[in-house]
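> Heads up: the protein sequence lines correspond to chains A and B, in order.
Just so we're on the same page, this note's numbering is the position in the first sequence counted from 1, plus 18.
Just so we're on the same page, this note's numbering is the position in the second sequence counted from 1, plus 6.
Everything labelled a hint here was simulated from the structure, so no lab data went into it.
Hints should not be assumed to be uniformly reliable.
[To be verified] Not everything, but these chain A residues come out facing chain B in the computed CB check (under 8 Å):
| hint | residue |
| --- | --- |
| 1 | 30 |
| 2 | 55 |
| 3 | 59 |
| 4 | 62 |
| 5 | 73 |
| 6 | 90 |
| 7 | 96 |
[Said to hold, decoys possible] Chain B stretches covered by chain A per the calculated footprint, using a threshold of three residues with CB under 8 Å from any CB of chain A:
| hint | stretch |
| --- | --- |
| 8 | 79–91 |
| 9 | 148–157 |
| 10 | 169–181 |
Heads up, the beta-carbon is just placed ideally off N, CA and C, and yes, glycines get one too.
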Amino acid sequence: MKKCKQYKKDWPAFLSRQLNPKIMEVMSRHLQDCPACQDEVEQQRRLLTLADNFKKELQQVMATVDWEALPAVIASRLPEKEERQATATAGGGWRLWKWQPLAAGLFLGLLLGGALTFLVFKSREPGRLTARQETGIAMPAELVDRVDLVLARKETIDYLERSQYLLLDILQTGSAPASSLLQQERIRQLLTDKKYLNNQLDDLRLMKARAICDQIELLFLELSQLSPELSAAELERVRKMIEDKQLLLKINLVKKELQQSEV
Amino acid sequence: MEQKNGRADETQVEFLVDRVKQGDREAFMKLVACYQQKVFILAYSLVRNREDALDLVQEVFLRLYEKIHSYRAGENFQAWLMQIARNLSLDFLRRMKSRKKESLDSLDLDRADLAAAEADPSCFQSAEIIQKAVRALPEKQRLVFILHHFDDLKYGEIAGRLGIAEGTVKSLHFKAIQNLRKILTPQLGGGR
Chain A
19 MKKCKQYKKD WPAFLSRQLN PKIMEVMSRH LQDCPACQDE VEQQRRLLTL ADNFKKELQQ
79 VMATVDWEAL PAVIASRLPE KEERQATATA GGGWRLWKWQ PLAAGLFLGL LLGGALTFLV
139 FKSREPGRLT ARQETGIAMP AELVDRVDLV LARKETIDYL ERSQYLLLDI LQTGSAPASS
199 LLQQERIRQL LTDKKYLNNQ LDDLRLMKAR AICDQIELLF LELSQLSPEL SAAELERVRK
259 MIEDKQLLLK INLVKKELQQ SEV
Chain B
7 MEQKNGRADE TQVEFLVDRV KQGDREAFMK LVACYQQKVF ILAYSLVRNR EDALDLVQEV
67 FLRLYEKIHS YRAGENFQAW LMQIARNLSL DFLRRMKSRK KESLDSLDLD RADLAAAEAD
127 PSCFQSAEII QKAVRALPEK QRLVFILHHF DDLKYGEIAG RLGIAEGTVK SLHFKAIQNL
187 RKILTPQLGG GR
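Build the full structure now, drawing on both the sequences and the hints.
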């Protein structure tokens with residue numbers, strides 16, 4: 019019995035012949051005498067037979083692809099502009115500096131002049147203005163940045179809160195059919211919202227929030243693939259996933275952090 | 007340079023990557039030739055459609071060309087490339103999913119398929135079922151399972167490709183098998 023427990027994790031590696039030959043031999047001997055392990059290995063073998071069927075299909079599909087021609091097809095789609103740029107930097111650029119010192123000196127002078135002008139007038143400048151695309155009204159760049167950040171925080175908190183309620187609902191109501199369709203609708207809505215939120219979460223200051231939002235998104239994607247009425251096993255899997263990743267705790271912490279930095 | 011199974015050693019890959027950084031189209035094509043099948047296997051295992059998988063292979067290598075300057079010499083190139091392939095495949099699946107959602111008829115497609123398979127295990131398409139079940143696995147387990155069973159890589163090779171420890175690969179493989187058995191209990195029959 020002790021050995022069965024010890025070997026349990028090694029059966030997949032045993033079936034794939036990934037173990038040391040000596041261990042393989044010991045396990046083979048144990049397998050001959052242990053009906054429980056025989057059953058376990060038989061189950062895994064059946065599973066791997068299914069995998070083999072898919073592999074056969076994969077090999078058939080791969081045989082229909084013209085692998086020799088594919089690199090050329092992909093290369094023909096490469097952006098030509100970038101290629102020209104790369105060639106210029108590889109060869110032509112250096113030659114220009116070598117043979118035209120006058121142009122190089124002029125360019126350097128302009129660069130230094132520009133930098134000095136910037137330094138002299140920088141202190142007198144009232145603050146860089148940024149025009150909002152939507153309104154056309156120019157505002158100081160810092161202000162725009164702050165407004166964007168505050169809005170991003172609010173929307174993230176809102177997203178996290180709705181996700182949290184949904185997760186709690188799923189855990190509490192489980193497979194109740196009346197609520198399942200509604201939950202699916204909410205999952206869909208949250209997945210759509212996350213797509214819009216992604217741009218705002220690109221901000222470095224929201225990295226932590228992004229990580230948790232991505233985890234939630236993955237969970238919702240998994241849930242959206244399941245049927246609306248979760249079976250007991252599915253519900254247990256979801257519950258385990260939420261608990262393993264400590265999603266609810268993380269949501270609370272990130273929410274609190276976002277709210278504090280808002281103040 | 008290119009071997010039959012598409013493998014190239016690290017020095018050769020570094021050389022090719024350098025050339026690609028300088029805009030060398032030939033080197034790019036060689037790099038594609040080395041890794042195209044690996045990328046295809048990953049993409050096909052996730053999307054299970056020849057044309058979509060081929061489109062993804064093209065997208066992956068075009069993205070690689072675009073981002074090649076962010077690759078630093080000495081990093082695990084395969085792991086880096088597979089990360090791109092994985093991200094693009096998942097993005098593709100997300101897009102497909104949201105398109106599917108727009109059509110009410112297709113909402114219960116997966117559920118109907120699995121239910122039919124449960125009702126008559128003899129007629130279900132085993133390749134289809136295993137592919138769906140593999141897609142339901144958590145990301146890392148799914149990758150390890152695909153690379154081990156469909157790409158025939160050993161634990162050590164998978165560890166190198168994904169940039170993780172060999173023991174972790176073994177453990178992820180074990181978890182993948184356990185989860186697949188749970189998902190496929192009706193098809194496998196008899197399970198505990």
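> When the structure is checked against the list of hints, which entries are broken? Sort them ascending.
Per hint list: 2, 3 and 8 violated.
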